[in-house]
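**Student:** Sequence:
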Amino acid sequence: MFTVFAHRGASEYAPENTMSSFFLGLKLGANGIETDVRRTKDGVLVLFHDDTLERVIGKEGGVGDYTYRQLLEMRVRNEKTGTEDIVVSLEDFLKYFGYRELSFAIELKEKGTEREVLAMLEQYGMREKTVITSFEFDCIKTVKELDPFWRVGYLVSDFNEERIAKMNAIGGEQFCPQAKNVTAEKVALWHEMGHSVRAWGVTNVQVMKHAYDCGVDGMTVNFPDLLVSYAIAKQ
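Using the working numbering, the letters of the sequence shown correspond one by one to residues 1 to 235.
Hints are supplied without guarantee of correctness; some may be wrong.
As the list claims (entries may be wrong) - Derived CB-CB ranges, DEER-like:
#1 Q206 - S157: 14 to 24 Å
#2 G171 - E73: 39 to 49 Å
#3 E145 - G125: 16 to 26 Å
#4 E54 - D213: 34 to 44 Å
What the hints assert, rightly or not - Lysine-lysine pairs mimicking DSS-like chemistry, simulated, CA-CA at most 25 Å apart:
#5 K41 - K95
#6 K166 - K144
#7 K111 - K59
#8 K109 - K59
#9 K41 - K111
Quick caveat, the hints were computed from the structure, so don't treat them as lab data.
Beta carbons: idealized from backbone N, C-alpha and C, even for Gly.
Model the full assembly from the supplied sequences, consistent with the hints where possible.
**Tutor:** Okay, here's the thing in structure tokens:
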């Protein structure tokens with residue numbers, strides 16, 4: 001089944017990585033959610049993408065410079081729509097979404113969080129629904145060292161022989177290339193190797209259609225409604 005991952009929720013229309021964004025993503029037809037995990041100053045795992053708060057909150061510093069209580073006093077804003085919401089902890093997210101029949105792509109943004117993230121995901125029965133991803137290869141390598149039965153995905157611009165070899169060496173399951181760089185030939189080859197393929201970096205509808213037509217298994221997209229409509233039209 002093709003998976004439409006709401007990228008940080010329906011982040012085209014709602015404040016990214018917030019409850020309103022995740023719920024909207026499901027309302028628009030997504031059957032998967034992608035989100036990012038960081039750790040606060042007082043050790044709480046929260047869902048936040050950027051290194052700094054500046055773009056979506058308008059504050060200096062990063063998540064790790066503030067306590068969770070301090071972050072809750074701030075507001076995440078969607079610049080296009082003007083809507084706002086609060087920063088979400090990983091645990092609260094799992095309480096509301098973990099029981100649902102969805103696929104999850106959980107991206108690790110910081111080394112050293114692997115063990116805590118896995119423990120919390122395990123607590124909420126997320127193993128069969130989740131792929132742990134990262135641009136930091138050491139993060140997914142550590143996940144495999146902690147528990148080889150968790151599925152992992154490597155986020156890169158594209159896959160060359162070296163990156164393929166690294167993934168095969170740790171038993172990695174999912175290739176996550178940038179959408180504009182996929183081709184039908186590459187996807188077919190990666191499938192033959194036994195890997196699933198999830199595209200990221202879908203900047204516009206044209207790139208979205210290109211990646212879908214190349215045969216990827218899923219895609220993270222800010223506008224899940226448009227991908228759902230295209231997938232239905234292509235059936």
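**Student:** Please go over all the hints and tell whether each is borne out by the structure.
**Tutor:** Status of each hint after checking the structure:
1. Distance hint for Q206 and S157: a CB-CB separation of about 18 Å, consistent with the stated range 14 to 24 Å.
2. Restraint check, G171 to E73: a C-beta distance of roughly 43 Å satisfies the suggested window 39 to 49 Å.
3. For the pair E145 and G125, the beta carbons lie near 22 Å from each other, so the given range of 16 to 26 Å is met.
4. Between E54 and D213, the C-beta spacing of about 36 Å keeps the proposed range 34 to 44 Å intact.
5. Of the supplied pair hints, the one linking K41 and K95 holds, its CA atoms being roughly 22 Å apart against a limit of 25 Å.
6. Annotation: proposed proximity of K166 to K144 holds, straight-line Cα distance about 12 Å (limit 25 Å).
7. The hinted pair formed by K111 and K59 meets the criterion: a straight-line CA distance of about 23 Å does not exceed 25 Å.
8. With a C-alpha separation of about 19 Å, the suggested pairing of K109 with K59 holds against the 25 Å cut-off.
9. For the suggested pair K41 and K111, the alpha carbons sit about 15 Å apart, so the restraint of at most 25 Å is met.
Figure legend: structure checked against the earlier numbered hints; every hint is met.
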